[in-house]
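Asks: This is what each chain is made of:
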Amino acid sequence: MKDKLKSVMKPAPERFHYTVQSAITEATKQASPAKKRIPKGWRIAIAVILIAALIPSTIFGASKLYELIAKPVDNYGLELNVERETAADYPKYVKMHVEVPEGFAAVPGTDQLKYYNLSTEEPYTDGFSLFPMRFRTELEQKEYIGNVNSYEEREMIGHQAYEVKLDQGWDRLYIYYEDVNVFLLIYHKDVTEKQLADFVKGITFTEGTQDNFTYLDWPHDERGQDVYTYDEEYAEYPRDTKITFMMYSPETDDFTDRCTAQITDVQILDNIAELDYDAFCPAYSPYEIADQDGWLNPETFTTYKEGDGFDAEDEVIGSETANQKLVLADVTYENLSDHDIELFVSYSLEVLEKDDDGTFHQSNIIDGEKLIYSTPYTDGETVYLTPHGVGDDFCIFTIPAQSSAAFTMGWRCKADMIDKAYLTNIYQGSVTDPPAESDSPYYTYLFKVTDDDR
Amino acid sequence: MIDNHSFEMLVTAQTDTMYRVSMAMLKNEHDAQDAVHDAVLIAYQNRNQLKHAEYFGTWIVRILINVCKKTLKQRKRYADIGDALPDIASRDNPYLSVEIGEAIDSLPPKIRLTVILYYVEDYSVKEIKEVLRIPEGTVKSRLSKGRELLKDRLTES
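Heads up: the protein sequence lines correspond to chains A and B, in order. Take 74 as the starting number for the first sequence in the working numbering and just add one per residue. Take 298 as the starting number for the second sequence in the working numbering and just add one per residue.
Don't read these hints as lab results, they were simulated from the structure. Among the hints, erroneous ones may be present.
[To be verified] Only pairs whose alpha carbons sit at most 25 Å apart, straight line, appear in this in silico SDA-like list of lysine to any residue:
| id | chain 1 | residue 1 | chain 2 | residue 2 |
| --- | --- | --- | --- | --- |
| 1 | A | K493 | A | Y377 |
| 2 | A | K521 | A | D506 |
| 3 | B | K423 | A | S511 |
| 4 | A | K443 | B | K423 |
| 5 | B | K324 | A | P355 |
[As the list claims (entries may be wrong)] Among chain A residues calculated to face chain B with C-beta under 8 Å, some are:
| id | residue |
| --- | --- |
| 6 | M82 |
| 7 | F89 |
| 8 | T92 |
| 9 | T101 |
| 10 | F328 |
| 11 | A356 |
| 12 | D387 |
| 13 | S421 |
Using N, Cα and C, we set each Cβ at its ideal position, and we do this for glycine too.
Chain A extracted, bound-state conformation:
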């Protein structure tokens, strides 16, 4: 599925790159914030070097390879520099030119990347769509095409090409322009072989400039999973623990706004008839998640082997229908700062296994390597919220200075997993009290679900 979805995504258009570069220019003209002490400078330095080596060098072109060199400066910061290394001999910037064949026209607003058949008068339904790419190495390019299903090698006007024909949808033709190191993907639909050949004949590349070039996508994602090591920490606290967290303040341009959050009550319900039906979030209509008397409908929990959703369907390995419960939590937020704040409601529900050594892990059956997953015992989606915030699928509340606001939130959970359910507070700003027991950036506060009325 990844390959399929990636192949249909456009790279950012040039005007978007311009926006980003303008924002960077504007940002870097501002005064720099004061340097902060970085206690583990070398560790970060090593990480930065690793990342730098993995950053796609899109903006720099392929004629140079760049390497970040980082070193700690007086234990207070990092100095990062860029060194260059000459690589292959092809233009850093290229410009693609397309001679539009008779009977076709460019789709307006597509940066000369899409062409439709004038006889159909319907842009986007047929014709050609171009997706120029560049790979850092020949091996990467071979790996990429090796992952493409059912291609046939052929030659097109003296270039190596790979053709993929599909029963429905857009066929694909990959052409490698060796002199400029561009791997061009041409999607085409409802065109004849001659029209395709004529279209390809009209495509040429010349050397571009920094101000006039064709954007090339770098599809090979080199972010190694080992760089993104994930050192997650869960810690359980008494359910009524009041947490204090700092939020970003536009007034001080720093994380100085202080707020608290506290769970004051929890209820576990089988029946929602007594609740305010208007407080159910739009995606979870009470009339769909419960019967006419308000009893929560059972849910089917399935274990399956993941397909790609296109060529292979998910294969069901096991399935059970089980009752659900609604966990309701009352939470009070208090704004301790001297001005209004906007905050995202950040509580959720997770079902976790607690090991003998006190560590937690997810209860769901999951085997990433074998692509086996199960329906989560709780999907963690907030189904009930009162009072409602603004937005259909997110909630941002404004709390006046020195004021409190109380909310009731609800989540569904598989009934026989309630004993393993925890309310979580995920990364609500920077929690200062109680302090995190580790320096993991992924530190989750857990509050055991117990029914006050049970």
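Following the hints, position chain B against chain A.
Replies: Frame of chain A, contents of chain B only:
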């Protein structure tokens, strides 16, 4: 602290991701450009808050998502006072295939963003948990639902 040149490199490397994430949320290139612009400024102002530089990508995307949410909130406000703003600019889309693009666009917003982060941007489930600040089970649930809906909608079409 990240110097200016490195900041530029790190941000530029995220351009495509920021484009697709902001378009997935806002579906309007003009708003998406504004959101990315604001996110870059906020990221620069707060770059000394980034304790772990290796997480720059997920960090700036998280900032961008919050900016997009505020944009959506503002849209909602305008809509509430009767000044309806279009939710979808039909011409702006980040897809090359109309068929699959429409299927992705038809996904509920939360599921759409999760699917794009996982399947297009190659974020792991745990990275998505960090970026969206939702439990791991929620990420998996959205991916599962997303696969199901994509299959249904592509079969229908």
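Asks: For each hint, tell me whether it holds in the structure or not.
Replies: Hints and how they fare:
1. A:K493 <-> A:Y377: Within the cut-off at roughly 23 Å; holds.
2. A:K521 <-> A:D506: Holds. A:K521 to A:D506 sits at ~18 Å (cutoff 25 Å).
3. B:K423 <-> A:S511: Within the cut-off at roughly 18 Å; holds.
4. A:K443 <-> B:K423: holds (18 Å)
5. B:K324 <-> A:P355: holds (20 Å)
6. M82: Nearest chain B Cβ about 5 Å off; hint holds.
7. F89: For A:F89, the interface hint holds, since the closest Cβ of chain B sits about 5 Å away, which is under 8 Å.
8. T92: It holds, given that the least Cβ distance between A:T92 and chain B is near 4 Å, below 8 Å.
9. T101: holds (4 Å)
10. F328: Holds: closest Cβ of chain B sits about 7 Å from A:F328, inside 8 Å.
11. A356: The hint holds - A:A356 has a Cβ within 8 Å of chain B, the shortest such distance being about 6 Å.
12. D387: Check passed: Cβ of A:D387 comes within 6 Å of chain B, closer than 8 Å.
13. S421: holds (5 Å)
Every hint, counting from the list given before, is met by this structure.
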